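Protein sequences, first through last, are from chains W and H. Okay, so the first sequence: first residue is 21 according to this note's numbering, each after it adds one. Okay, so the second sequence: first residue is 94 according to this note's numbering, each after it adds one.
Don't read these hints as lab results, they were simulated from the structure. Values in this document were obtained by computation on a predicted structure and should not be read as measured data. Take these hints with a grain of salt, some might be off.
Listed next, with one range per pair, are the computed distances between beta-carbon atoms [said to hold, decoys possible]:
{"hint": "1", "chain 1": "H", "residue 1": "257", "chain 2": "W", "residue 2": "154", "range": "43 to 51 Å"}
{"hint": "2", "chain 1": "H", "residue 1": "514", "chain 2": "W", "residue 2": "152", "range": "48 to 56 Å"}
{"hint": "3", "chain 1": "H", "residue 1": "119", "chain 2": "W", "residue 2": "154", "range": "24 to 32 Å"}
A few chain H positions that, by computed beta-carbon distances, are all more than 12 Å from chain W [stated by the list, open to error]:
{"hint": "4", "residue": "460"}
{"hint": "5", "residue": "534"}
{"hint": "6", "residue": "551"}
For every residue, glycine included, the Cβ atom is placed at its ideal position computed from N, Cα and C.
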Amino acid sequence: MLQVLNLSKRFGGMLAVDDLSFTVNAGEIVGLLGPNGAGKTTTIRCVASLLQPTSGNILLNGHDVSDDPVAAKRALAFVPEVPNPYEMLTVMEHLRFVAAAYGMEEELVHAEEILTRLDLWEKKNDLGASLSKGMRQKLACACAFIHRAQVFCFDEPLIGLDPKGMRELKGMMMERRAQGNAMLVSTHMLDTAERLCDRVVILKRGKLIAEGTVAELKERLQSSSDVSLEDMFLELTEEIPGS
Amino acid sequence: MRAIGLMSFWKLRNSLRTLFTDPRKLIPVLLMLLVFAAPLGMYSFTRSMSSNMMKRAASARQQYAAQHLKVIEPGTKVTAVTPQFDPSRFTPPRPKIDPAIFTTVLTLGLLLVAVSVLNTGLGDRLLALGASDVDYLFPAPISRRVILAYRLPSLMFGALGIALYLLFMISMLTQSSDPNLPNPGQTIAPWWVNPLALFLSGGIYMNLAMFISVHVKNRKGYQQGLWICAGGFAICVAALFWSNGIVGVQAFLRSPILRAAFIPSTLAADTLIASYSQNPAGSMLLWLFVGYLTSLAVLFSSNANWYEQSIASTEKWTALRQAAKGGVSGMMAAKAGSYKYKSDKTYTISPFGRHAGALFWAHLCAAAKRPLPNIVAPIIAGIALGTIGAKVLQVATEKLSASHHGPSSTAAEGFVYTMVGFLAFYYWQGFTAIARTSSEASIRRRDLVSPLPIAGWKMVAADLGVPILATSLCFAIGAVTYVALGGPKASLVAVGFGIVVPLRFAGRSVLQHIIVIAYPDLADKLQRLVSMFIGTIVGFPFLVIEAISCLPGLFLHSVWIGAIGLILIQFPLCWLFLFLAGKATERAIATGEPVRIFALFRGKA
Ligand SMILES: Nc1ncnc2c1ncn2[C@@H]1O[C@H](COP(=O)(O)OP(=O)(O)OP(=O)(O)O)[C@@H](O)[C@H]1O
Ligand SMILES: [Mg+2]
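Work out the full structure, taking the sequences as your base and the hints as a guide.
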C-alpha cells in the first residue's frame, strides 16, 4: 500500500532522512516514532509530495509519488502537523471542497456522521477563522475521512484534541483499518501507539533504528514482557557514549 | 479544477459577507476607498474646471485681441494698434509638454514596471500561497499546472490594476499639459487598446517572472545582478540627462539593443504613443498578444516541482503577515528576525552612559547595525530633497519667469516654494510614520524597561532619539545640498530645513508618542486610524499657536522675523510635549493601562 524505499532527504548540508525504507500494508496501522527532529514530519511530507526526496522512491498504491503524483495522491489522505484551514471557508465548505478535489462528491453523505462524531456538526456553518486549535485539527481529520483514501498519513493527530475527540479519532482509525486501509501515524504518545499500532518504526536523526511489532521489539531487546514501549523507546533512542 | 473554482468562489463570497456585516472591517475599507477615490474625484473635478476656464480664457483672449490687435500676417504676425493695449492682460497660451519628454517618461515608466515585475520573480513573493493552500491543495490529486493556474489570476488582477493606474497617470499627464502630439489626449483607437497593451506587456513579464520562480532554485544572486544592472541603467540615464538633456535619454532609449531586450515594454510604449498620435497600433497589439500567448504556453509547458520552494516562501510570508497584524513595528521585528545574520565578527558594543543615556546608546547601536534604513537612506533622501529643490525647481523658475514678466515672476517663485513645500511635506509624513513605529515598539518593550529607574521623559527622549536624529540628518543634508547647489533664497531655506523642521519634528513625534500611548491597541486597524485622526485633532491647537508666533513677521513684512518666531515657539512646545509624554509613560507603566489624555492635566491619580 505505502512503500518507502531508500528515502533520503537533505536540507542544505543537513541529512534529515537517511536511507529510510519501510512498508505499511493494507489493514495495518504503523506508528512512526522518534525524538524531536528525528525526521518524522519530513518523511510524512515526502509521502504527501510536499517535499521532493533527495533520493529514493515512495510508492502509494503502486504509483510512484515523483513520477505520477496525481494518481498517487488520489489514494492518499494527509493530515498535517499544524493544520491551517481556509479562514474564509465554513467547515462544511471545506468538506465539499475536498470531496470535489478528489472527485468523490457522493461521499458527502457521510459528512454529517463524521462531523457529529468529531463534535463539529453544530459548527458546520462557522468560518475556519473562528475555529479553535483543536477544532482545526478535527476539521483536517474530517477532511481526510471524507474521501475514500486507501493510505492515511497523520502527523501527530492527537495533539490538542479533547479526550472524546481522541477516542473518536482512534475509533475511526481502527474502523478504517478494519476496512483494509493503510495508516501511517507519527506520534509522541507511546502508550497510545502501543495500543493502536500494529507495528512501529522508530527513527533517530533520520535513520531507522528499529522496526516491528511491539512484541518483536521486546524479543529483540530481550526485555521482560512487562516492559512498556516507552522504556524500550528510551533505551533505543538513548545516546550511547562512544557509539 | 472545479474544486478550486468552487473554493475560490466560496472564499470570495464569505469574505464579502463578513466585510459587509462587520463595521470594524468595513469602516477601514471605506476609508481606504475614500483615500484612493479622492484624488480621482479631485482630478476629474479640476479637469472639468480647468477646461472650462481654459475655454473662457481663450475666448476672452480672442476678444481682447480682436479689440486691440490687428493681424498683419494671418496666423503669425500681430501688432498692437490701440494705445490702451496692455501686454500683461494678453497672456500667451500655456507652455506645452515636449513630445520628447512624453515619450521618454512613458518608456522609462514601462521599463521600470518590467524590471520590478522581474524583480518579484527573482524574489520569493510569487510562489507564496496561503498556508491553507499548502495544507489542502498540495496533497490533493490536483496537478501542479492547475495550481499554478490558480495562482496566476490574482497576480494578473494585480497587473491589470497597475496597468489602469499607469494609464491614469499618463492620461493625467497628457490631458493636463497637452503634449505637442497631434490631437493630444484624444485617441482615435478604441478605448480598450491602451489598457490592453499595458496589460499584455505586464502579463508577459509576469509569466516570465513566474517561469523564473518555478525553475530557478537559487535566485538571490540573479536578483542582486538585476539590481546592479538597474542601478547602472539609472546612472546612465541620469548622466545622459545631465549632459545631453532629454534628447540624449531619448536616443539611448531608442537604441536597438535596449528595445529588443525589453521588447514587450517597447511594443506597449509604441502602442500608446501611436494611439496618442493617431497612428494605427493594431500590428503592435497583435504582436503583444502573440507574445503573451507564447509566454503562457512556455510557463505551462513544464511540470517543474515548485512545491518545496513554495512552502518555504509561504511559511515566511505567513509569518510576516501574522506579524503585520501587530502593527508595522511587529512586522519589522519579524522581518529582522527572518534575516540570518551571517556575520563573522561578533558585534561587541561597549556599554556607554547610564540610565536613559544607556538606553539611547542601545537604540543608537541597534540603528548602526542596520545602516541602510537608518543612515544611508536619510542621507540619500536629503541629497535628493536638496537637489530637487535647488536644481530642478531652479530650471522651472527660469522657464516660468521667462514666459511671464513683472508680477507673474513672484507667482512662479511661489509655485517653486509650494513644490518644495509639498516635497518636504511628504518627507515629513514618511518620517512621522517611522517615528510612530518607534513609539509602538517602545510600548512593546514597556515590560522590559519599566523596572529601570529612568524618569519618564528621559525614556521618551531615548526611545525617539534615533528617528529624530535620522530626520534631522535628512533635512540638514537637504539644506546643505540646497545651499551648495545655489538654490534661490538659500539662507532662508537652509534655516527652514536645518532648524525649524527638525525642531518641529521632534516636538510632533513626542506628541504622537503620547497619542500612541493613549491608543495602544496596535492589532486593530480601526483603532490605528482613530489614533491618527486624534493625533491630527490634538495637533491642531499647536498649529494655531505656531501660526500666532509667525504673526509679528507678517505685520513687519519680514520672513525672517516670522521664522525666528517659529523657531522660538518650538522650544516651549517641545518641552511641554516631553513633559506630558514623560507623565504619560510613567502612568502607563504604573497602571499598565491605556492613558486617558485629559487625565494627564489632572493631579496624581
Ligand atoms: N525546511 C527545512 N529546512 C531545513 N531543515 C529542516 C526543514 N524541515 C526540517 N528540517 C530539519 O530536519 C530535521 C527533521 O525535522 P522534522 O520536522 O522531520 O522532525 P520531527 O521528527 O517531525 O520532529 P518533531 O517531533 O519535533 O515534530 C530537523 O533537524 C529539522 O531542523
Ligand atoms: Mg514533526
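Quick rundown of the hints versus the structure:
1. 257/H x 154/W: 43 to 51 Å: Given a distance of about 45 Å, which is inside 43 to 51 Å, the answer is holds.
2. 514/H x 152/W: 48 to 56 Å: Between residue 514/H and residue 152/W, where Cβ atoms are some 53 Å apart, the hint holds.
3. 119/H x 154/W: 24 to 32 Å: 31 Å, holds
4. 460: Given a closest Cβ separation of 32 Å, the condition holds.
5. 534: Given that every Cβ of chain W is farther than 12 Å from that of residue 534/H, nearest at about 28 Å, it holds.
6. 551: Answer for residue 551/H: holds, closest chain W Cβ roughly 43 Å.
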